[in-house]
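**Q** What follows is the residue order along each chain.
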Amino acid sequence: MSRASIAQWAKELYEDLDFSVVRRWRENNPGRKAIGYLPVYAPREILHACGCLPVGIHGGGDRLEIIKGDAFYQSYICHLPRSVIELGQSGRLDMLSGVLFPSTCDVIRNLSGMWKLLYPEHYVRYIDVPQVADPRIATDFWAGELRRLLSDLGELSGHVPGEEELRASLALYNDLRQAIRELYAARSEAPWTVPSEELYLLLRAGELIPPEEFLAKIREYLAAARAEPGRMRDNSRVIVVGSFCEQPPLGLIKTIERAGCYIVDDDFILGNRFLVEDVPLEGDPIEGLAAAFIQSAVKSSVVYEPDPEGKRTLLKAQVEAARADGVIFAAASFCDPALLDRPMLKDGAEKAGIPCIAFKFSENSGQFQQFREQAGTFSDSIKLWGGV
Amino acid sequence: MCISAGIDVGSGAVKAVVMDHSGAGAAILGASSSRIRRREVSHVVDEVWHAAIAEAGVRRVDYVATTGEGEDIPFATGHFYGMTTHARGALFLEPRARAVLDVGALHSRAVRMDERGKVLGYKMTSQCASGSGQFLENIARYLGVSQAEVGALSLASKEPEKVSSICAVLAETDVINMVSRGISTPDILRGIHESMAGRFARLLRSLDPADVVFVSGGLSSDTGLLAAIGDALAGAAAKSGGSVAELTTDPRAIQAGAIGAALWGAFRYRKLGLGGVAWTA
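Here the protein sequences line up with chains H and C, keeping their order.
So the first sequence is numbered by the working numbering: it starts at 25 and just counts up by one.
So the second sequence is numbered by the working numbering: it starts at 277 and just counts up by one.
Rather than coming from a laboratory, the hints here were simulated on the basis of the structure.
This structure is a prediction, so every number in the text was calculated from the model and none was measured.
No residue lacks a Cβ here, since even glycine has one placed at the ideal position from N, Cα and C.
Take every hint as true, because none was put in to throw you off.
Taking lysine to aspartate or glutamate and the EDC-like style, the derived pairs with C-alpha atoms no more than 16 Å apart in a straight line are:
no.: 1; chain 1: H; residue 1: K375; chain 2: H; residue 2: E344
no.: 2; chain 1: H; residue 1: K278; chain 2: C; residue 2: D348
no.: 3; chain 1: H; residue 1: K278; chain 2: C; residue 2: E345
Selected chain H positions facing chain C (Cβ under 7 Å, derived; list incomplete):
no.: 4; residue: R257
no.: 5; residue: D258
no.: 6; residue: R282
no.: 7; residue: G284
no.: 8; residue: D404
So that you can see chain C by itself, here it is in the shape it has in the complex (with noise of 0.2 Å):
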């Protein structure tokens, strides 16, 4: 029997998850998230980690697997990087993904891995935050609506107007200006995530997926987002003339960077026959 844990310190949000390894699969026990919202993220972590281990219900935890920023987590038995960990997460989510779309708060990246969880390849977005949470958070402020409500409303725009930007600070101020032209919120939103869409979906093909990828990250709820990187895909295979990946995701799927790294941390803890205990109550 093994419980593992996987700590993700993304730069918008903590994801925790506890993990029992016990029967033939891997099970979650408890999950839990929290926004940093400039609090200090120790402080973070030390409530979604309670969190976690409160839901579990369990008193020891044999390997601490953390991932993002997570580093310098004291109590940590070993750090994953986190396209291994969302390649891992996203595969425990969907066995059939073979690509992954992590959306985060600052930034994208698109990994492709095998049936293992191994990765194969990947690419980021520059640091340019326009294809990244954190600017569609921001867009949603400007607009005076939450981030509940961005998914919902893209979808029922009616005619999307197109960012001319791809730069964060314009496509900004193209927003305000669309604001003051008295553009609806539903058509600036989607204009927007047609804008990011585009973006996933070069980096996706770049890296030639195969049938099925998976969405993770904060933004994989967003189903405005998602019916947006759908189409930008379908229209660049219509274009090429290739095949259309299918693009699914999972409630789940803003933890699979925790998930992988505590699958990761489970595989691990056997490979290496570890005795000891990482945490205890």
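Isolated chain H, as found in the complex (with noise of 0.2 Å):
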């Protein structure tokens, strides 16, 4: 397939807000359970070993009209809540037989209680990530709260893996979180030829299918995109920061691409890449997830940063790695762990002499003008007037 038909099918599966595809393989695998999970971070590796089908569920974007989720939640919370309500009031969810929350913030804690409510039929699981600053004591409470949805997920599923079970979904992410690398990777060595829009499709595709189409669909897009090497423009480069739970429209990204910001690093989707090394394949098989977790997890507004100094440096090793030019910070509007981040990160960045421009959105935001205006001016400025 080529890079634009990749495009293509990623796009049809994401804007299909009937979970079309998820409803096809549950008829295709008779007996097998689909589990949706909420931002940030899910082990989806035991869903996996469970027979289960992980199903990431981020809202109905700009595509959805909120009619029932509203009455749930108050004007100063983000969208995403209310357009995860919307779909399940509206039974676009009632393929799945469990939901996870992750402890990302206060407002998801409360949309697991509400899931409960709402849905007793449903296998509702609030996921207690931990943010403890001793590891010891973190990867023996992980590992714990791990079994735990090992044990439930095996019974619901009439399926408890073995190790070897367990192992073998955890080698799988491994491939599955290095073949994201290498997109990012290709995406930030060359930009024109990896555009963000088709990136961010290909990961929105791959939070609908199995791990495995998923790995294989990454690789068919890497080898396409070598194939097809594209035009480079003389844009400035840009890492997004902001957007790794509510997931900004597919409009904004384009834009701040089209303004002539070539986007080399984000954190969309930011579960993809949680575990920034591979999980231990050798040991018990939980032990090492939970391991690579406290070892390893990115570092990130959802996960405690015990060193005072950790957020005002974060930016300028990002920027350095991506070789990036300025940063464009992009959250949610009432996101409560991007917008409390935002002071530190900015001052950090500002200190290291990064160029950063701040803008919020919603994931139904249907004009982009001034998005437009702040990225294409951002951009002139760096070009015109800064080192690069």
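Put the two chains together into one complex, using the hints given.
**A** Here it is in structure tokens:
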């Protein structure tokens, strides 16, 4: 398949709010369960080992009219939980047998409670991702949580995986994260060959299909991208920070790149890259998965940072690694984790001489002119008056 | 030696220039512009591009810079934002300029810059179209006069009729009423110009422009509008006791965005040490 046809395939999955691909998977795999998960990090390896299809729930974006969801949340709460409620209340998530709610923020925690009340037939689990400074205590705690999840899902699916099956799932997700790292590296190397719009669509499609298929599709896309190198433009290189939970509308990602800013790193759908290093395949697989999280979770707003200077130095390192010229802070309106971290991140970046701009979006934002102006003038200022 | 080109895709017209940067300064080798008029924009871009290239007589361009809505032109090397290019283009056409008023088909904006063309601040008209060329074109059509006649007719006004609204839709209704009341065409046009000029003067004064303001964009050749803006600035200065900015323009002011894009393109070409060629015949 060509790059364009893979992107088109991914876009069709992204736009399908009835999750037809998940429904088809269930029809083709009778008796097996599809389990949803909210952002940011969920241990998908365990879902896979239990024979379940992990399904990322990222809201309705700009394609869903919110009719019932607004009644559940105050106006000062972000948009994601409204559209998730809307998806649920409109029956679009009825193919799921359970949903995991990671401890990303209070809003998602509260959503898990609502889900329990609204859908008593679903398996609902609040995933208490560790936020403890002591790695030994944190690993023990997290391994205990993972064992509970494994036990619950084993019971739900009717299949309790053995150690070898768990290791096979760990290995598969190691391969998947490696492929995603390659995808990001290819974009950083030649962003005109891997447009962020296409990369993003591919990641979104990967949230709905089995990891084996996703892995194959990434490799296919990378091969197609190498075969169709594209034409370089004189754009600035930026990293986008703050979109790890509620996702920006596709139009916003396109707008940033059209305005002259190549996105060379981002935190979109961060769960895909949450573990920076491979999970060890030796020893107890649950212990290994727990230790990998504690030792190599990506630095982000949803993970406790023990170093008081850690947030201030983070972006300098990221910018250097991505050879970026500047940072665009793009967080969802009312996203507490992103907006609470922003002043520290921005302060650190500006002290390091990194140009920054900041704006807020909502997953259903439909007007992009203000973003276009900001990104366009930002790119101009970098290209004409910066050191680039 | 560097040959650069600028393509400015506006909401009403496409403009292109080809520039030579081999000497101490830069020189325009070729320029072209064409109204879009319900045509496919990519076709207008092709037409304007080839006309500018033909006039320039070049067979290669080192850097093709786009501005305005030109982000998707496939052979572009880079894109610059509209106010960046209008500031630079204005400075090329009038080196004393420290502010530019770009009056386009759908939007108008005032930009303040320094002597290098660096944008120091800007203000745009809001989404209402009553401060734009499209609005004036509609009015001219209702009155049955051509765009070329508007300026001279407005200057001939003896008793300008005040337009009571700043909303395009209501202003158009006003004009229909004026015609039925027998108000002369010059007085209607001058009233419209004064209404627009008042908005532009407020935009400019909010930026506190220095001595020389350059008017660019499609309406820069409208002498009636220029006179009205000059009067509005003088009136505002008299009220506040401030100095009056000098208003200036150039016959090539409609190309200011494209010129600025070409100049910034050449700047980037040199800065990056680009060796490749963006376009060849």
